[in-house]
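Novice: Each chain is listed here by its residues.
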Amino acid sequence: MRITMTVDGTKYTDDVEPRMLLVHYLRERLGKTGTVVGCDTSNCGACTVHLDGHSVKSCSVLAVQADGCEVTTIEGLARDGRLHPVQQAFHDNHALQCGFCTPGMIMQAVDLLADNPDPDEQAVRQGLEGNLCRCTGYQNIVRAVRDAAQKMSPGAGPEAEQVADETAEATKLSRAEVQS
Amino acid sequence: MTSTAEPEVGRARLRKEDARLITGRTRWTDNMVLPGMLHMALLRSPMAHARITKIDTTAAREMPGVIAVVTGQDLAEEQGSLPCAWPITEDMKAPDAPAMAVEQVNFAGEAVAAVIARSKAEADDALESIDIDYDELPVVLDMAAAIADGADLVHENLGTNRCATWVYDSAEAGSGGAIDDAIAGAEVVVERTYRQQRLIPAFMEPRSMLVDPTGDQITMWSATQIPHILRWMTAAVTGVPESKIRVIAPDVGGGFGGKLQVTPEEIITFLMAKRLGKPVKYTESRSESLASAHHGRDQIQKLTLAADRDGTLRGLKVELLADMGAYLRLVSPGVPILGAFMFNAIYKMDAYKFVCTNVFTNKTPTDAYRGAGRPEATFGIERMMDELAAELSMDPMELRRKNWITHDEFPFTTVAGLTYDSGDYESATDKAMETFGYDALRAEQQERRDRNDAIQLGIGISTYTEMCGLAPSRVLGALRYAAGGWEHAAIRMLPTGKVELVTGTSPHGQGHETAWSQIVADQLGVPFEDVEVLHGDTQSSVRGMDSYGSRSLAVGGTAIVLAAQRVLAKARKVAAHMMECAEDDVDFTPGTFSVKGTDRGVALADVVVHAHVAHDLPDGVEATLDSDATFDPENFSFPHGTHLCAAEVDTETGRVRLRSYVCVDDVGKAVNPMIVEGQVHGGIAQGVAQALFEEAVHDESGTLTTGTLADYLVPSAADLPSFDTSRTETPATTNPLGVKGVGEAGTIASTPAVVNAIVDALRHRGVNDVEMPCTPMRVWSAIQAGGAR
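Chains as they are written, first to last, in full-length UniProt numbering: chain S, 1 to 180; chain G, 1 to 789.
Same shape as in the complex, but just chain S (with noise of 0.2 Å):
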């Protein structure tokens, strides 16, 4: 199946398998190996990247799904040059050890940091549920994403990267459309 989609900020088109996951179209067809896989059964959440600007596990969409839309991958989240909040709060707080996790980790604390710009830190624990890291015990995790928050607020938030809802939701509907 031929598929289009714009990921990090560049047009792709590619024939891929209907089969085919979007993290391996990522990996294996773009060469986008920031984005990485833990596990088979969706529970580690490495491979979290932004579908039209809201957190999927890459490993839990079809390529072909994601036809029409906007990807952003850990690697096209810094912009000019400079790391995004999130990031450099992931390195200021030593937020991650071996880093595999992280690129995951990173692109769901943008998410959770868009739909609550001030968490605490039961919130920012609930909201990294879905991903797992085995080093850190995720307290500097915590830390940063607190800590990016707050060097967020107000208004520097990650609305660059977020896609509004009602966008969103007009994507999904078009793709339905076009389905049917």
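Everything labelled a hint here was simulated from the structure, so no lab data went into it.
The hints are all genuine.
Cut-off 27 Å, straight-line C-alpha distance, at most; resulting in silico cross-link-like pairs (BS3-like, lysine-lysine):
(1) 120(G) - 54(G)
(2) 302(G) - 402(G)
(3) 596(G) - 570(G)
(4) 11(S) - 120(G)
(5) 498(G) - 16(G)
(6) 151(S) - 16(G)
Fair warning: this is a prediction, and the values are worked out from it, not measured in the lab.
Please build the complex by placing chain G on the supplied structure of chain S, with the hints as guidance.
Specialist: Using the frame of chain S, we list chain G on its own:
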């Protein structure tokens, strides 16, 4: 180069590694793509114990994209036997360990066939077309049953499921008295049996390997902790000369001992690439990883602790059964032995005896997992100290204080024969008790008991030590370990003023690039930013013993100091020549040489260039300042600390909530306190996970029923609290940095702290144990049983 005013060591430097990791510019093995690269998929046995009666690969070979299909029979001539480097006794029984099963499978998940295809999807597809029949054999799962008379055998040809029995007896070793006398003469004897459940390391990056046979050398990239050992062992197993093998560990996503292994997958991938003449990549799925990468722990501990009525310890007897699983992997048999010297922990006692029997079962092989032997030992003794305190109606901390080695008694030779160089258990404990609010929590506990509150409060204590910095080579030799425990470092002084530090350690999350840069910066007086740390490639890092056992800093860090001293010794000669003075008249302050008592000086950077161009060197001095060194420690290092946990137990549901967790660790000098804190956080989380969540469970057929991350409960952020961590700093006396290591401390300390808290909450209800993991069901059942167990 300029001298840095503030010492780098001790600073919470942000990590150099982060830049690539937070932007996705990473080099995980699975990211690598080479021209002509083929993909491998493995068929794994669903049976735990069976004879292979038929394998037909005809149909699979015809599948699209398939290049080759091989079975164990096809590899039998080349695959050799996977190495076990730690034959703990002379008469240890070791089964043949083929990378791919040939006639018989001995655990569910063992590889039985491989497909190599042009894409991973095509390889996976073809697996389904392999026709294989098994003849089931009786499954051996329970350790006690496995060593009973007439038991079914995992390996028929060994004639027994007993692998080896290893004994330490303080009376025989001369480090203490006879345990039977100590027990007979004691006023109080407490006997308990604990189970260390089977765990899975569950590093986040699945194992992955890529072998490129093109060119004169065979290059293997692998997500491994041990590139140097892997190179050595791959040569030993396959017969390919070591000089023809290069191993690279690029970015590696966690290990925790789980990647301290020479795996069947690495050998199979290596052999297939060599056979086909094309690069072959294999990356496991998470389900494959959980079933086939080595597991950890899995012991039954029978413990007998003898004491006087006043709490003075007399002796400890430890009788262990340790599950090896179906095969002996790299250090499987030695893991429980690493605990043999730690059950006595920080306490003084007259006599000690340790007897461990290693047992074969039809389960995934066990091997190192964070702490390896020491968490088991610490759990055993710290649980027993609480049980003894209860028996004596004594405060558990008072009992510990009464028996621990005091700070003025170091160096102290323990009843297990080790000499602890330093420690200050009093200071760490006092600090932790104050932060924790021990007395107030005890008061609240009493108050909740008095009003029979549904939520009961428990306080758990763990005053631990561990042996780290593995290890003095002569000790390893005495323990029959096949390798040494030294580490290597090389420093290259580049003519442009930059410095390359080549280390034999192999980081996979520990931040060596940052911490090692700090050490080099201080030693030489060069900027932190100017140091580049090279590691994990046997072609650049030519010697090394890799990273495990909290050894990298204590051993590898010391090698860096020694190499830097050699750079400076050489530089001093060149500087003296440049300044036309005697070598004895040269002073060095970081970054600069000067003539004593004058203002004449020369920057290290200029000396580097002078030595590099070599136009005018003193007689007998070779070009460049590059130097290297190996360090072999004279002793282990002994981090210690006090961990305190307050747990709320809902007596109606059995649910446990960790209310507060305070720890004070003493890991000696902290090179980078930020990294140290991160290691402690992560370590505690893994120890808490053992106490509350994780267990590798097999059903009666030997199938792993916790075979996905939906079933094997690696905790999420929502499952854990924040930990209050701090440090005391009692320098190790056995290395120039005064460091002890921190990789395993949190994991070793936290498990008994949590379980002690749970039991403490329920002791007045007649509970004296809850088996791990302390799930709501187990806790609730223990309450119902009211201590009848």
